[in-house]
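Asks: Once you have looked at the hints, place chain B on chain A.
Read top to bottom, the protein sequences are chains A and B. Positions 0 to 525 (numbering that gives the first Met the number 0) are the ones given, in order, by the first sequence. Positions 0 to 480 (numbering that gives the first Met the number 0) are the ones given, in order, by the second sequence.
Rather than coming from a laboratory, the hints here were simulated on the basis of the structure. These numbers come from a predicted model, not from an experiment. Misleading hints may appear alongside valid ones.
One-sided excerpt, in silico: chain B residues whose CB lies under 7 angstroms from chain A [to be verified]: (1) 384; (2) 385; (3) 400; (4) 408; (5) 415; (6) 417; (7) 465.
We put the CB at the ideal spot given by N, CA and C, even for glycine.
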Amino acid sequence: MESKLLTYLIFLPMVGAVLIGIAGKGRDGVSRWLALTVSIGTFAMSVPLFTRFDETTAAMQFVHQVPWVETLGISYAVGIDGISVLLVLITTLLSVLAILSSWTSVTNRVREYMISMLLLETGILGVFCSLDLFLFYVFWEAMLIPMYLLIGVWGGERRIYAAIKFVLFTLAGSLLMLVAIIYLYFEHGGATGTYTFDLMVLHKYSVDADSQSLLFLAFFLSFAIKVPLFPLHTWLPDAHVEAPTAGSVILAGVLLKMGTYGILRFCLPLFPLATAQYTGMIMVLSVIGIVYGALVAMVQTDVKKLVAYSSVSHLGFIVLGIFAMNEQGMQGGILQMVNHGISTGALFLVVGMIYERRHTREISDFGGLAKVVPAFSAVFLITTLSSIGLPGLNGFVGEFLILLGAFQANLTLGVVATSGVVLAAVYMLWMFQRVVWGDVGEANSKLQDLSLREWLVIAPLLVLMVWIGVYSDTFTRRTEVSSRHLIQMVQTRQMAGAGKSMADLQLSETTIAGRTSTRSVGEQGK
Amino acid sequence: MFEIDWNILLPSLVVAGLVLVVLCVDIIRPDNKGGVSGYLSLLGVGVAIWVSLSLWGRSPTHGLGGMLFLDNYALFFNLIILAGTGLTIFVSTGFLEREEGGRSEYYLLILAATLGMMLMAAGADLIVIFLGIELMSIALYILVGFFRRRTDSNEGSMKYLLLGAFATGFLLYGIALVYGSTGTTNLREIELAVAQGRVYTHPMLLGGVALLIVGFAFKVSAVPFHMWAPDVYQGAPTAITGFMSAGPKAAAFAAFFRVMVASLGDLSGDWSGAIWMLAALTMTVGNLGALSQRNIKRMLAYSSVAHAGYVLVALVAANERGIAGGVFYLLAYAFMNIGAFAVIVALGRKGDENLEISGYAGVGFRHPGIGLAMTLFMVSLAGLPPTAGFFGKFQIFSAAVEAGYIWLTVIGVLNSLVSVYFYLGVVVSMYMRQPVGQAHAVSMTPFARVALLTASLGTLYIGLAPTSLLQMARQTVSALL
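Next up, chain A with everything else stripped away, as it sits in the complex (with noise of 0.2 angstroms):
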């Protein structure tokens, strides 16, 4: 299935970028108004793909390739399979949101501002959507700049402290990841006689078992920091808290998501003896991270601060559905995805709403919230509810199917990660009650309920909470073959990879005289 579809999505946020560079100048309103045009005209671009998506295969669809670096093997190719649909769409529309959120609450500099967002939305769709490794990590760091930009120029006080600290961190891992990428290039040019970047090609060619381990972590490393898996979290509390609401929601909401999609689309696929060899280590991090993740959540004075360490609670479920390895665990790991992108993104867009009005995110400065904004509560009720993972909403099908997956790979681990369910409810509740219930403060009692855009704003994402809670089918159906393709795909290759070292063994044992004689020769021949 051939079809340009992907490539205009992905650039046309670049297009109206560009314009209102152009038309906005002085303007905020145009500014406002184009981009907001540009993102809704983006996210209506993306539905198609959602509609006419075959979910009867786990081949790339609305393919798009054309040759770039030719003498390199670089083409630039987009495609998208039930891994990465779900992700392009929670991204048009978180987008369109975000834009929607900063209506008043940015008003400095507001033409730069939207610039960064519709180029940030081009840069994370581009890394949802590209088959090529080369394109892949171009639009992987690409992408840092506008929200760099986002981070340091639109945020709080220690802006530009967080914003290094999440180039850095982002750029440590991916660099080495880039030796990983050429190093794979040169391995499988030399194995195969085709020097390509093709993710496809290079999906079909087995990795040498030797060179597999130091590649996997190579990798690995550059999308744990993204996760942001314990210990490697330390910047996410940073960015969030500093970041403006509509950064809070994109970085939450679609950015982290680019390091669990990385390890489903190259990690698992690419290196699956390794993936098998640190399985264990790495379910065994996730747990940590779940446990420590809701544990710091819990102390935490400020709401912003609160919900980023829930997402590095969240994001553990994530990695841990993921390597349980087995379709409950995977299919709920990219369900999960999508999920902590409404409910997070959600939470920051509410959080982002009482800040608007008080200019203060401290738990300790609200109370009694429900008497005088009620309609707000009850979004933010919901929207926590959802977070927890109540039955009947999102979060419950994602955080099941996990911990389904989990109890069947690893029973302690389960059942230790269940506990961060547990103590999710614990303070998100406990933040929920002193924020929306008790006495109502003096500097509380004058503060105006949800207007239509804040509405316009939350509410489809509390369609969405709803519907994916009551009926996941419709998104699961969409996710169900590709997962499924992606295990047995890992499994059959680790198991080809067991016989042929069983076998070397066997040869190594019976005609080991042989072998050594041979060698030798080889190595004069040298």
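Replies: Positioned in the frame of chain A, the structure of chain B alone reads:
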């Protein structure tokens, strides 16, 4: 009697002729009223570029008694050098008038240096390379001290002269030892002598090679021979600093690569370890040194040391991809670095060059075009996609991995990580810090605008559509391997 193949001389001849013409103009109009010298120089540089391009792709020859090569390698470097010169002249108009009053010998010296560089790239004999280096260096000594009334300019010039003289001594001694052991200074004959084992004593040859490496390392400002760079870069007129970091560095590398790979390639087992150390040290010390700089010219001086380190990685690899990558990188570097210096020139004011990085606070929003361009150059220097710097580094690191130097590559990418901090520091200052004091109007001459635009577009173009230039870089390799 032998036939002279004039094509071999043609590119250098154009520039040599240009030097003479500008010299005559200088006699007639020493104050350079109306900037005639500048226009003439630009025209001549354009012609030289055209000549170099029209000679592209011929089968490699050498002539004039084996003194000069005519091959794609030399022509490609001609393009880098001439592009650097052209951009510098564009940047210099307006800058000179603002600072000291324009004088035509400025252009004369730039062109003389350019001629020297072209001879370095085309030299087929150590003596020619040496002459090229001297021609270039002497012109540069004067240019660095061109602002006669400024102490830092004089200081830089003096330092450069003294250390440059040292480097020359090393280089000459090296040439002498190589001559002593092989009986020739001709590059092709050295190659033959080494290949056939016709050397007088091996240790003497190796001593010569070591001294050659030291001499060249001085010229490309590799650690530990980089001490001159920060002071000279800071003291020199800003446009000249940009000039020095592009053309002369490229030319020094042109000769360095040709001597090491083409003539002494058979000895690579002996020298590649040394270059490995040199590369690792140069990258690391350059980047760490740049971290603490507050003056942007000094920061870029250390950065230029670090970038020499990246190119040295290509020399360590010394394979087809490596040479093409190194050549490609030097082209990319010329665009992004001169671009950065064009911005520095534009943000300076008469009597206040505004060189503190903290002085750039607010520039990004006050002058969106300049801010955007500077961001692009910084991102490219840091080696982030989708820019020329990224693609160049990608090529070099690929070559190193291909040749099996994984750890050197890892050192290289970790260095890139360090460098991101100080390059983005400029962006932080431009966009994220509150400006202090009044906004200053920025006046750029149309020429300076053209330079800035060309450098920006070049940086983007090389990053996004590198195919054709990469192809050209690949075609230079056959001259060496």
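Asks: The structure should be examined with respect to each hint, and the outcome stated for every one.
Replies: Hints, verified against the model:
For residue 384 of chain B, the interface hint holds, since its Cβ comes within 7 angstroms of a Cβ in chain A; the closest pair sits about 4 angstroms apart. A least Cβ separation of about 5 angstroms between residue 385 of chain B and chain A falls short of the 7 angstroms threshold, and the interface hint therefore holds. Of the supplied interface hints, the one on residue 400 of chain B holds, with its beta-carbon coming within about 5 angstroms of a beta-carbon of chain A, less than 7 angstroms. The criterion of a C-beta within 7 angstroms of any C-beta in chain A is met by residue 408 of chain B, whose closest approach is roughly 5 angstroms, and the hint holds.
About 6 angstroms separates the beta-carbon of residue 415 of chain B from the nearest beta-carbon of chain A, less than 7 angstroms, and the hint is met. The beta carbon of residue 417 of chain B comes no nearer than 9 angstroms to any beta carbon in chain A, farther than 7 angstroms, and the hint placing it at the interface is violated. Taking 7 angstroms as the C-beta cut-off, the interface hint given for residue 465 of chain B holds, the closest approach to chain A being about 6 angstroms.
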